[in-house]
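Undergrad: What follows is each chain in one-letter form.
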Amino acid sequence: MEETIQIAVIDREDQKHDIIIPLDIDLNLMEVCKAEGLPVEGTCGGMALCSTCHCYIQSNHILRQASDAEEDMLDQAFDVLENSRLGCQIKISSELNGLVVKLAPESL
Amino acid sequence: MIETDILIIGAGPTGLFTVFEAGLLKLKCHLIDALPQPGGQLTEIYPKKPIYDIPGFPEVLAGDLVKNLMEQIEIFKPGFTLGERAETIEKLEDGKFLVTTNRGTKHKAPIIAIAGGLGSFEPRKPPIENISAFEERGVEYMVRDPEMFAEKKIVISGGGDSALDWTIYLADLADEITLVHRRQGFRGAPDSVQKVKELDAAEKINLITEAQVTGVSGETALEQVVIRKNNGDLIEKKTDFFIPLFGLSPKLGPIANWGLHLEKNAILVDTFDYQTNIPGIFAIGDINTYPGKLKLILCGFHEATLMCQSAYKIINPEKKLSFKYTTVTGIKGIES
Ligand SMILES: Cc1cc2nc3c(=O)[nH]c(=O)nc-3n(C[C@H](O)[C@H](O)[C@H](O)COP(=O)(O)OP(=O)(O)OC[C@H]3O[C@@H](n4cnc5c(N)ncnc54)[C@H](O)[C@@H]3O)c2cc1C
Chain A
1 MEETIQIAVI DREDQKHDII IPLDIDLNLM EVCKAEGLPV EGTCGGMALC
51 STCHCYIQSN HILRQASDAE EDMLDQAFDV LENSRLGCQI KISSELNGLV
101 VKLAPESL
Chain B
1 MIETDILIIG AGPTGLFTVF EAGLLKLKCH LIDALPQPGG QLTEIYPKKP
51 IYDIPGFPEV LAGDLVKNLM EQIEIFKPGF TLGERAETIE KLEDGKFLVT
101 TNRGTKHKAP IIAIAGGLGS FEPRKPPIEN ISAFEERGVE YMVRDPEMFA
151 EKKIVISGGG DSALDWTIYL ADLADEITLV HRRQGFRGAP DSVQKVKELD
201 AAEKINLITE AQVTGVSGET ALEQVVIRKN NGDLIEKKTD FFIPLFGLSP
251 KLGPIANWGL HLEKNAILVD TFDYQTNIPG IFAIGDINTY PGKLKLILCG
301 FHEATLMCQS AYKIINPEKK LSFKYTTVTG IKGIES
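Top to bottom, those sequences are chains A and B.
So the first sequence is residues 1 to 108, counted in the working numbering.
So the second sequence is residues 1 to 336, counted in the working numbering.
These are calculated hints, taken from the structure and not from any lab test.
Taking lysine to any residue pairs in the SDA-like style, the calculated list, with each CA pair at most 20 Å apart, reads:
| # | chain 1 | residue 1 | chain 2 | residue 2 |
| --- | --- | --- | --- | --- |
| 1 | B | 229 | A | 79 |
| 2 | B | 295 | B | 61 |
| 3 | B | 125 | A | 49 |
| 4 | A | 34 | B | 289 |
| 5 | B | 293 | A | 35 |
| 6 | B | 264 | A | 36 |
Keep in mind the model is a prediction, meaning the values are calculated, not measured.
Hey, can you work out the whole structure from these sequences and the hints?
TA: As structure tokens, then:
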């Protein structure tokens, strides 16, 4: 049986989306949101070169620290908080089961 | 009034290569781009990244590809209207189109090639309540004319090169300047970061880090911004100008209202020649869509090539176009 995890993404209207993600394909959180049809642009394709997948980690999962490149790009985002991350830099893995993330506001 | 054969909206790779293919058919081109430099996403988002899927180039930096394209089209002497956004389109009595930019520059051509990519690169606007009410009344998203800030109070926010460079530049000119940034580190060039720290130490500027601007207010024009520190403290600051500098992002913009058939923010085209529902207006590259569309540079090049064949036939209905390889004929420039 293929291995999966479940996460919750809260959209900008505070709607919660439970998503089941297979672990056998190499996905990141931005790609998962796009595949689910959530309003995440992912303009740069996942290279931490835009900030359209800015989100907040709301559960207590310990993630790998943001790289300098990710921090630099977060500078272009708004309402950046301590728990801010770029979705494209978060690789889906079994440790992320139960993750709760919220999409950050978009620029006007 | 600028007159040309093919007016290209967007100077990304697709728009640039269109000049080459048009030039082989002796058609003249002029390009409009909202950015101050050609290259589209390649120069704006990833100039230093290697691309691996350009045929014949095992590896090429995005910035170098644009440089090469510029060199390749130079012989055809394209015109450029840079730093302006194509705003409106009108069909004239003689059948030609008139495209006017946000700065009022007028362009006339029988053929329009929309190569607008993901859209026109525009400054990102912070989602602050009421901010749009103060645009051009104290809120500026770019510095066009530094003199307007002379002897004024200014709040800049952002952490990249443009935020740092303008803080440094305006420090001498302005009455008071405050730079607000979300963290202590800056992503800008180390020299500029050093200079900003020195200016702060010398009390020539106010540097407020681990903070962001969260509110704007004023009677008719901007009078005050609210700065929220990450620890929750609020600072109210009197100011004449607020300049948020958070980079650029692409927005489809005015083209959405040109009467073209759209699907999910992309222009629907016929894959025979990438013409839109309006005869004479073509859409090529990332901006178009059709069954099987892929947003790739090489696909944009192909679309531009086929499009030029149809453009030629529209411009020269009586002439027969015989297809020739560049190896046979070489390339001859266009007299300007
Ligand atoms: C990080 C990243 C990596 C990529 N890697 C690859 C890769 O490896 N291989 C590949 O093939 N592709 C890659 N791509 C995709 C590739 O960059 C695009 O397919 C390509 O840029 C499309 O070119 P274009 O000329 O159609 O549009 P763009 O490059 O988007 O250029 C469009 C231009 O039109 C301008 N414009 C739009 N509307 C207006 C208007 N109304 N007025 C004035 N100007 C306007 C914009 O300002 C912009 O400069 C990548 C993209 C990104 C972001």
